[in-house]
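Undergrad: This is what each chain is made of:
2 protein chains.
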Amino acid sequence: MCAQLLSTQPYKGTRDFYPDEMRLRNWFFGKIRQTLETSAFEEYDGPMLESLELYAAKSGEEIANKQTYNFIDRGNRSLAIRPEMTPTVARMVAGRMNELSFPLRWFSIPNMYRYEATQRGRLREFWQLNVDIFGCDTFEADLEIIVSAIRILKSFGADPSMFTVRINNRRFFNDVIAAIAGTDAEESRKVSKVIDRKNKVTRESYENDLTSLGLSKEQICRIDELYHMNVTEATAICPESVGAQELRLLFEALEKIGLSEYCVFDFGIIRGLDYYTGTVFEVFDNAPENNRAMFGGGRYDNLVGLFVKNASVTGVGYGMGDVTLENFLVTHGLIPDSFGSEVKVLVTKFDDVPYEAYLSLVDRLRNAGIVSSVYLGSKKFGKQIEYAVKGQYTHVLIMGGSELEAGVVKLKDLETREEATVPTDKLEAFFAH
Amino acid sequence: MCAQLLSTQPYKGTRDFYPDEMRLRNWFFGKIRQTLETSAFEEYDGPMLESLELYAAKSGEEIANKQTYNFIDRGNRSLAIRPEMTPTVARMVAGRMNELSFPLRWFSIPNMYRYEATQRGRLREFWQLNVDIFGCDTFEADLEIIVSAIRILKSFGADPSMFTVRINNRRFFNDVIAAIAGTDAEESRKVSKVIDRKNKVTRESYENDLTSLGLSKEQICRIDELYHMNVTEATAICPESVGAQELRLLFEALEKIGLSEYCVFDFGIIRGLDYYTGTVFEVFDNAPENNRAMFGGGRYDNLVGLFVKNASVTGVGYGMGDVTLENFLVTHGLIPDSFGSEVKVLVTKFDDVPYEAYLSLVDRLRNAGIVSSVYLGSKKFGKQIEYAVKGQYTHVLIMGGSELEAGVVKLKDLETREEATVPTDKLEAFFAH
Numbered sequence: 003m004c005a006q007l008l009s010t011q012p013y014k015g016t017r018d019f020y021p022d023e024m025r026l027r028n029w030f031f032g033k034i035r036q037t038l039e040t041s042a043f044e045e046y047d048g049p050m051l052e053s054l055e056l057y058a059a060k061s062g063e064e065i066a067n068k069q070t071y072n073f074i075d076r077g078n079r080s081l082a083i084r085p086e087m088t089p090t091v092a093r094m095v096a097g098r099m100n101e102l103s104f105p106l107r108w109f110s111i112p113n114m115y116r117y118e119a120t121q122r123g124r125l126r127e128f129w130q131l132n133v134d135i136f137g138c139d140t141f142e143a144d145l146e147i148i149v150s151a152i153r154i155l156k157s158f159g160a161d162p163s164m165f166t167v168r169i170n171n172r173r174f175f176n177d178v179i180a181a182i183a184g185t186d187a188e189e190s191r192k193v194s195k196v197i198d199r200k201n202k203v204t205r206e207s208y209e210n211d212l213t214s215l216g217l218s219k220e221q222i223c224r225i226d227e228l229y230h231m232n233v234t235e236a237t238a239i240c241p242e243s244v245g246a247q248e249l250r251l252l253f254e255a256l257e258k259i260g261l262s263e264y265c266v267f268d269f270g271i272i273r274g275l276d277y278y279t280g281t282v283f284e285v286f287d288n289a290p291e292n293n294r295a296m297f298g299g300g301r302y303d304n305l306v307g308l309f310v311k312n313a314s315v316t317g318v319g320y321g322m323g324d325v326t327l328e329n330f331l332v333t334h335g336l337i338p339d340s341f342g343s344e345v346k347v348l349v350t351k352f353d354d355v356p357y358e359a360y361l362s363l364v365d366r367l368r369n370a371g372i373v374s375s376v377y378l379g380s381k382k383f384g385k386q387i388e389y390a391v392k393g394q395y396t397h398v399l400i401m402g403g404s405e406l407e408a409g410v411v412k413l414k415d416l417e418t419r420e421e422a423t424v425p426t427d428k429l430e431a432f433f434a435h
Numbered sequence: 003m004c005a006q007l008l009s010t011q012p013y014k015g016t017r018d019f020y021p022d023e024m025r026l027r028n029w030f031f032g033k034i035r036q037t038l039e040t041s042a043f044e045e046y047d048g049p050m051l052e053s054l055e056l057y058a059a060k061s062g063e064e065i066a067n068k069q070t071y072n073f074i075d076r077g078n079r080s081l082a083i084r085p086e087m088t089p090t091v092a093r094m095v096a097g098r099m100n101e102l103s104f105p106l107r108w109f110s111i112p113n114m115y116r117y118e119a120t121q122r123g124r125l126r127e128f129w130q131l132n133v134d135i136f137g138c139d140t141f142e143a144d145l146e147i148i149v150s151a152i153r154i155l156k157s158f159g160a161d162p163s164m165f166t167v168r169i170n171n172r173r174f175f176n177d178v179i180a181a182i183a184g185t186d187a188e189e190s191r192k193v194s195k196v197i198d199r200k201n202k203v204t205r206e207s208y209e210n211d212l213t214s215l216g217l218s219k220e221q222i223c224r225i226d227e228l229y230h231m232n233v234t235e236a237t238a239i240c241p242e243s244v245g246a247q248e249l250r251l252l253f254e255a256l257e258k259i260g261l262s263e264y265c266v267f268d269f270g271i272i273r274g275l276d277y278y279t280g281t282v283f284e285v286f287d288n289a290p291e292n293n294r295a296m297f298g299g300g301r302y303d304n305l306v307g308l309f310v311k312n313a314s315v316t317g318v319g320y321g322m323g324d325v326t327l328e329n330f331l332v333t334h335g336l337i338p339d340s341f342g343s344e345v346k347v348l349v350t351k352f353d354d355v356p357y358e359a360y361l362s363l364v365d366r367l368r369n370a371g372i373v374s375s376v377y378l379g380s381k382k383f384g385k386q387i388e389y390a391v392k393g394q395y396t397h398v399l400i401m402g403g404s405e406l407e408a409g410v411v412k413l414k415d416l417e418t419r420e421e422a423t424v425p426t427d428k429l430e431a432f433f434a435h
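Protein chains in written order, with this note's numbering: chain A, 3 to 435; chain B, 3 to 435.
If you are wondering where the hints come from, they were derived from the structure by calculation, not from laboratory data. Any given hint might turn out to be false.
Since the list gives no way to pick one copy over another, a pair counts as held whenever it fits inside one copy or between any two copies.
[What the hints assert, rightly or not] Below, in silico cross-link-like pairs of lysine-lysine (DSSO-like), each with a Cα-Cα straight-line distance of 30 Å or less:
1. Lys68 / Lys219
2. Lys346 / Lys33
3. Lys428 / Lys33
4. Lys258 / Lys156
5. Lys414 / Lys428
6. Lys385 / Lys311
7. Lys202 / Lys60
8. Lys156 / Lys428
9. Lys311 / Lys14
10. Lys60 / Lys385
11. Lys392 / Lys346
12. Lys385 / Lys412
Keep in mind that this is a model prediction, so the values were computed, not measured.
Whenever a hint applies, use it, and build me the whole structure from the sequences.
TA: Below is the structure:
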């Protein structure tokens, strides 16, 4: 056998997590878990493979086929590697509709695959935090979801100068368009579609489209003004709108709990016309070089409609990608230099000491919760120290024949270079303070 | 649109992890992580998708094709969902051969997919703990790997009555066969193949096969005796064998560090002829109803041979499946009734109190690290209590208009049914003791 050597590169758009990268990933997922669990959110997970029809039913067959990794198994089932979590969680909620205690406060940090061109911030394999509240359709749930996003970013040390939550409401959006344009629901919808595409077309084409739907120059101008209004001004246009009321309640509560400095009303936040039904929001990175929506979410209806007849569960939530979050943390200098344990001890080895003497020391250290190992191998002391430094050990423990006889060990702090001689039976105590 | 309703079942051989199941999974992966990190092992991870040739090169094309979920991407690459972790970690080690500091002490808890008939303990999607030491080829690394497996099971409360580590050595196996059969390496290999299949054929067929390789009745009998020998007796047959020396050193060390009650020599442990090269072991569940190997591992050579020319990295390690471990923990009653947080507070809601008063209470609780949420919805108090009980909250906080006025809250312990009235500004302190 003299086969060609295989490549050591991971598959395009995927990443290897060596211990250094894994420490970072565990650190930031750990902080997210802790923040959400403290807020009484519960974690769930589902399989990596799902029936392709789950995605086809939500997004259409063409998109599902094109954007997912999909294939047919030997039982002739069309499967896809999950490209998003919502269909899975919808299936799960529908599967236990009668046992679950609503409202659900759920989160998950699944990895997923999307078949797409790779570019900065877009990989084929990524992790995505999903946070949702299911079964509560009032503004309190919307608020709690936004609060959870802010708490997560704050837990990393982010402050209001670094990010902004831009908030709108789809019901308000529809109502205010109708109020300004004086149109019925059907016509308003056409107007909304034009407004949704505002940033993708020229100003001229935008105005022409609105004019052809019967809007006057003055009406177009009033719509323009919405983009510069605060929530009080904007909601005053159609005060009776349920969406306007939701927006006001939400911003009042944000003000009262001291989070208004993180949040602004932004009429430009729409997030696709067909999915969201109430509050919508996007969290923007404020850094000039990175200024864009990092993630977003909102309220949607009928989560379980594809699975259960005549049932309705509403939801509100968001999805945050790991790559985007990491970019944000890097941009703002929020990643610490080291995530290692505070103490990590390498027990160095000498030939004149029985090996089990080292084993018993390391056993005691580990039983006391101190990260430690005996050096494996037969290299000289200097090489052992080198191994300790490279491996981010904070201390080396030195016990040669004379120390063993004297019943002591030496502990060298690799950062300060200080060395302490400690009676062997006081070893755990040395690290306790 | 009146499409047929979709099934709520997960794909065959996969599992949904609702919060109850997820708590269990997080609990036992958490304990494993903690145990291994305290022993200075470092976590890594790789992509779910790998080039199919990675598995074909290791196991042959037919097996790789048959046992993996594989498909061709739009760039005409053959991909597989990882069915095991070794090829990935081999690729990763090979990819940074010159930067990594050996010996590596690595672990990972990846999910993987195997295309196989589903049965008890065998699912298509499962998680597998992989623990390995790379780049140390002496018995100390074998010992450390076995110690790590024992420490993990002990961390769950398992004792020597519940499991046994059965240990053999492939070099010793080869040498003792050669010593008894008086054969050369080539002939010994044929004898080994017969012995490896011993439990899969009738006694008659086994004896016939050995006889046809030239072994006498007496030689067959001496091989039989090996299965009943302890390590001292067995290694005395070929004391000069390097494998025999490794076995003796390993068992001596296990004795000296107080782990010999967990370990026995077992000549029956072989684990496939083509892969392992030194120490091999399997961890058995001692429960009569479950008596079988839960997991195993051993020493293997040339981890990076498929990727790097003229380089060799040895490894020793094991893989432990989540389903097997869970069966073991259930069988021995080692899973606690609850893994929830110690305190979880539901702030109940009354109409005569401004909502932000509740929000500020929950904000304070969370800032003090106390798991808590405000009840979301508009149900009556009794229903709120019901929600708290179902959601495994330990306390409800009650603050109606009169409490608000008096500057107090009531805290009801849902287990003891005790109720305490606490000044609002002493709220965090109430939970601190």
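Undergrad: Would you mind marking each hint as holding or not holding in the structure?
TA: Comparing the hints with the structure gives:
no. : hint            : verdict
1   : Lys68 / Lys219  : neither (41 Å within a copy, 66 Å between copies)
2   : Lys346 / Lys33  : both (22 Å within a copy, 19 Å between copies)
3   : Lys428 / Lys33  : between (34 Å within a copy, 27 Å between copies)
4   : Lys258 / Lys156 : within (18 Å within a copy, 50 Å between copies)
5   : Lys414 / Lys428 : within (15 Å within a copy, 45 Å between copies)
6   : Lys385 / Lys311 : between (68 Å within a copy, 26 Å between copies)
7   : Lys202 / Lys60  : within (24 Å within a copy, 50 Å between copies)
8   : Lys156 / Lys428 : between (41 Å within a copy, 25 Å between copies)
9   : Lys311 / Lys14  : between (41 Å within a copy, 24 Å between copies)
10  : Lys60 / Lys385  : neither (59 Å within a copy, 34 Å between copies)
11  : Lys392 / Lys346 : within (12 Å within a copy, 42 Å between copies)
12  : Lys385 / Lys412 : within (18 Å within a copy, 62 Å between copies)
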